[in-house]
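> If you read the sequence shown in numbering that gives the first Met the number 0, its first letter stands for residue 0, the second for the next number, and so on.
Be careful, since some hints might not be right.
Derived DSSO-like pairs (lysine-lysine); straight-line CA-CA distance at most 27 Å [to be verified]:
{"hint": "1", "residue 1": "81", "residue 2": "301"}
{"hint": "2", "residue 1": "278", "residue 2": "31"}
{"hint": "3", "residue 1": "81", "residue 2": "31"}
Note that these hints are calculated values from the structure, not bench results.
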Amino acid sequence: MTKREVLRTALRGAPPPYVPWSCGFTVEAWEKLTAHFGGDDLECRLGNHMVELGSGIGYFEPVGNDRYRDIFGVIWNRSVDKDIGIVEEYPLREARITGLTLPDPDDPRFTAEISARIARFPNRFRVYSIGFSLYERAWTLRGIENLLTDFLDHPRFVRDLLRAIADFNIALIQRAAAYDIDAIHFGDDWGQQHGLQMGYPIWREFLYPELQRMYGAVREAGLTVSIHSCGAVDELFEDLIALGVQCFNPFQPEVMDVWSLLPRYRGRLAFHGGLSTQKTLPFGTPDEVREETQRLLALGRKGGYIFAPAHAVEGDVPLDNMLAFLDELWNQPGLREGKYV
């Protein structure tokens with residue numbers, strides 16, 4: 000079986016020959032691994048089963064002093080967070096959608112690398128990412144404190160803003176679907192350590208209708224719907240399944256019981272993530288990392304699971320801990336028997 004076929008099997012909730020993986024790393028963590036492996040092509044060496052297309056964080060241009068402007072006109076400060084940054088200037092200073100200009104979905108940046116990356120990794124599962132896809136895109140444009148109060152004070156504005164963002168995303172979906180891809184992945188953090196940032200009633204009233212439109216466009220194109228939302232959002236799983244979601248990431252063990260949720264939803268919803276990035280990876284020993292990795296792999300052998308750390312591995316994770324979970328992945332029995340290409 001190819002990596003693409005192995006991952007499709009896992010998504011269906013059927014037992015794969017081994018547990019597939021797709022692991023992400025921040026800039027600092029990537030540099031540690033690159034230095035360790037020397038001249039090797041790290042992206043090839045990792046052996047991820049997904050090839051990432053599009054962009055999970057967006058498209059930026061430097062404007063000086065560690066500041067970057069994204070394609071929506073938001074200014075991000077990357078003096079501390081080198082991967083994405085912190086929103087410093089947002090364009091919607093008032094609760095009015097008049098004058099909002101969204102990017103042209105035909106901008107070549109959105110599809111420029113799709114064909115080349117598929118050609119480079121032809122046997123991987125092909126995932127087109129739309130980062131900051133709805134709620135996050137709205138708050139980056141408006142400011143998070145402003146948007147959270149707008150839900151109550153300016154509900155019509157919020158509905159209009161979310162509808163415009165969803166229309167743009169649907170246009171991107173249609174353009175990405177013209178390529179031979181497998182899935183659309185939406186990044187949109189709704190959670191915090193204890194529940195939803197905006198509460199379930201507001202999520203259901205404002206976000207659900209636009210998610211239904213976006214995810215529906217993916218399903219109509221015959222593609223898999225994959226989403227990312229950090230935080231304790233397992234109260235939404237039944238809604239997400241009703242919306243057509245087939246894969247959920249990052250599956251954080253600090254905020255949800257991954258050991259009971261995966262068996263409960265196997266065959267209805269697949270999970271991607273699960274290895275603790277708040278506790279085990281930065282603060283555990285290599286043996287503790289191996290143990291947690293082994294438990295997750297054992298849980299995933301019946302299907303419905305793609306291994307990964309619960310978030311992109313941060314720079315504070317010791318190199319030995321990174322190597323510990325990678326070694327467990329690369330030495331699964333099915334791999335040792337040469338059953339994938």
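> Are the hints correct? Go through all of them and say.
Do the hints match the structure? See the list:
1. Of the supplied pair hints, the one linking residue 81 and residue 301 is violated, its CA atoms being roughly 38 Å apart against a limit of 27 Å.
2. Note on residue 278 and residue 31: the hinted pairing holds, with a Cα-Cα distance of about 19 Å set against a maximum of 27 Å.
3. Taking the CA atoms of residue 81 and residue 31, the gap is near 15 Å; set against the 27 Å cutoff, the hint holds.
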